[in-house]
Amino acid sequence: MEEPLDSWFKREILSHEAILMSSISRVWPRQHEVADIRQEAYARVYEAACQVRPQAPKAFLLVTAQHLMADRIRRERIVSIRAGGDNEFLNVLVDELSPEQRVGAHQELARLARAFDRLSEKCREVIWLRRVKGMSQREVAERLGLTEKTIEKHLRTGTRRLAHYMRENALTPGVLPKRHEEESDEAGSP
Amino acid sequence: MSTDQTNEIEEIASHWLIRRQSGHWAESDQVRFEQWLDASTLNRVAYLRLELAWEESARLKALAAGIPGDQLPPPGRWNLTPFFDAHRALSQSRATLGTNDLPGTLASDSEPCDPHLESGDAPAPDNVYRAFARRTNRLVLAASVVLAIVAGFAAYKFSGGGGDRYATPVGGLSSVPMRDGSKITLNTNSHVRVALTNTERRVDLNQGEAFFDVAKDSNRPFVVDAGKKRVVAVGTKFSVRRDGDSIEVVVTEGKVRVEDATRPLRHAAVEGFESTIAEGAESAVFLTPGAIAHVDQSGVLVLRKSVSEAETHLSWRAGVLMFRDESLADAVVEFNRYNVRKIVIGDPAVAALRVEGNFRATNADAFVRLLESGFPVRASAEEDRILLRSR
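Note that the protein sequences, when read in sequence, are chains A and B. Counting from 1, position 2 in the first sequence corresponds to residue 2 in our numbering; the numbering is continuous, with no gaps. Counting from 1, position 173 in the second sequence corresponds to residue 173 in our numbering; the numbering is continuous, with no gaps.
Calculated directly from the structure, the hints in this document are not laboratory data. A couple of the hints might just be wrong.
[Stated by the list, open to error] Examples of chain A residues lying across from chain B (beta carbon under 8 Å, computed):
hint	residue
1	12
2	16
3	32
4	43
5	46
6	109
7	122
8	127
No residue lacks a Cβ here, since even glycine has one placed at the ideal position from N, Cα and C.
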């Protein structure tokens, strides 16, 4: 039986986020839109993979992002300083293998630890107890004397920031939960 | 799709993710969740991306071994890289040595550096003292004590000649608050002159390296003059390292412009890329976060890195040198910037070793001890230097 699409997608597509981000931010003039383009590229790749999974997932992802950017340039008449008059600039993307591609498991772990270190003190504490010490949400709440809602808020912020920091290759302020949200005490639900 | 939308989807995805793991998950939640996933592929991929981060966070367990109880390790306390890459086989067995007993790591001494608070905590005394201890000459010993005291104090400040001047000795590190709210962190053996006027904030970097945390003030650009080039910012964080007429600029936040110091200074030109096009990019270069730029007479070379990678170039602000797969030759050059007693490499095989790890910049002794204890290197301590050779 074929591997479930979701786990294939995580391993073969989402793992290339760092190089995807750097190839987008290298050519895209508006850094705050990099995350939008990234998510759109993911969505397109996911939809394509529902039909047929690409043979070369990484190249497919990068080419998809190129096409998206080319579309946007046409549509919005954006002028990129690196875009020049035509789409020449897009051709360089796929051939560039970033060193991130060659990182071993050990370095992945190092990257994770460094990402973790950048979280706020509370986030670190909550994620540590929940994910490393394996406590339930309720146990973490009791241990820290906080409500479960507050614990959930820290877990949400922490996870979002981890996702961002681990594969970071450009600043994308738009997708970062603001610091003060971590400090505030309200928690909503979907 | 817009940035707000992306952000909102991610926010909702994070709610679903954490709710699902919360222990309060009902059948009806599952139904609504699946509806949400099916509503748009953008929702689904945002969810998968966060779920992956959630799954990966459990891998921190691998690093928790050796940390007692439920204690949360303070940032930087991880010691995770095998120390030497070129000797991977060796490093398998040495890794533990490199990680647990490493006196030079961030472990206990990574306090932020404020000279006013730190003046009693001289980073150098131990080191400098040891460097000279073998000598019997009393004069030299006395000199070393003086040096140690000096290294522990803030930058010296002198005034005159227009503006305030600040300098650090070899091994020194200090923060200088500015009246406009900006902060300058001076690295080892550095010298700046600061002049604030109503129209600009000007820093001459005469020598060495400094990190600038610039308070926003669009009416007064922040200008760092470094010989033939200058770096211009409005509100941002970046460092400039000067070596004669070549400089290195690292940006971690905001945007800065590097240009010839001879150009007339333009105001408020840091806003957008449009201005770059307008004036032609031949002599001015814009740098964004994660940029590491090397600038000299022949031109500007920009490496685009992630912000976190760029920040490893700035670990000196915590008094720490971070090496990520660097040659020992390069590592030694770095150490020697901070220490009076220089490390000298005696043969090419040693120079080519690859190093990873975090070290106290002023504690070259610890670094050398570690090299010797685990790797095919012999260190011989001489009067004014430490010589490294293959064993």
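Do the hints match the structure? See the list:
Hint on residue 12 of chain A is violated. Least Cβ distance to chain B is approximately 12 Å, over the 8 Å limit. With 8 Å as the threshold, the beta carbon of residue 16 of chain A stays out of range of chain B, its nearest partner Cβ sitting at about 12 Å, so the hint is violated. Below 8 Å, beta-carbon pairs count as interface contacts, and residue 32 of chain A has one with chain B at about 5 Å; its hint therefore holds. Taking 8 Å as the C-beta cut-off, the interface hint given for residue 43 of chain A holds, the closest approach to chain B being about 4 Å.
The interface hint given for residue 46 of chain A is met, as the beta carbon of that residue sits about 5 Å from the closest beta carbon of chain B, less than 8 Å. Against a cut-off of 8 Å between C-beta atoms, the interface hint on residue 109 of chain A holds, since the closest Cβ of chain B lies about 6 Å away. Checking residue 122 of chain A against chain B: minimum C-beta separation of about 10 Å lies over 8 Å; hint violated. The interface hint given for residue 127 of chain A holds, since its Cβ lies 6 Å from the closest Cβ of chain B, which is under the 8 Å cut-off.
Consistency note: the structure conflicts with the earlier hints numbered 1, 2 and 7.
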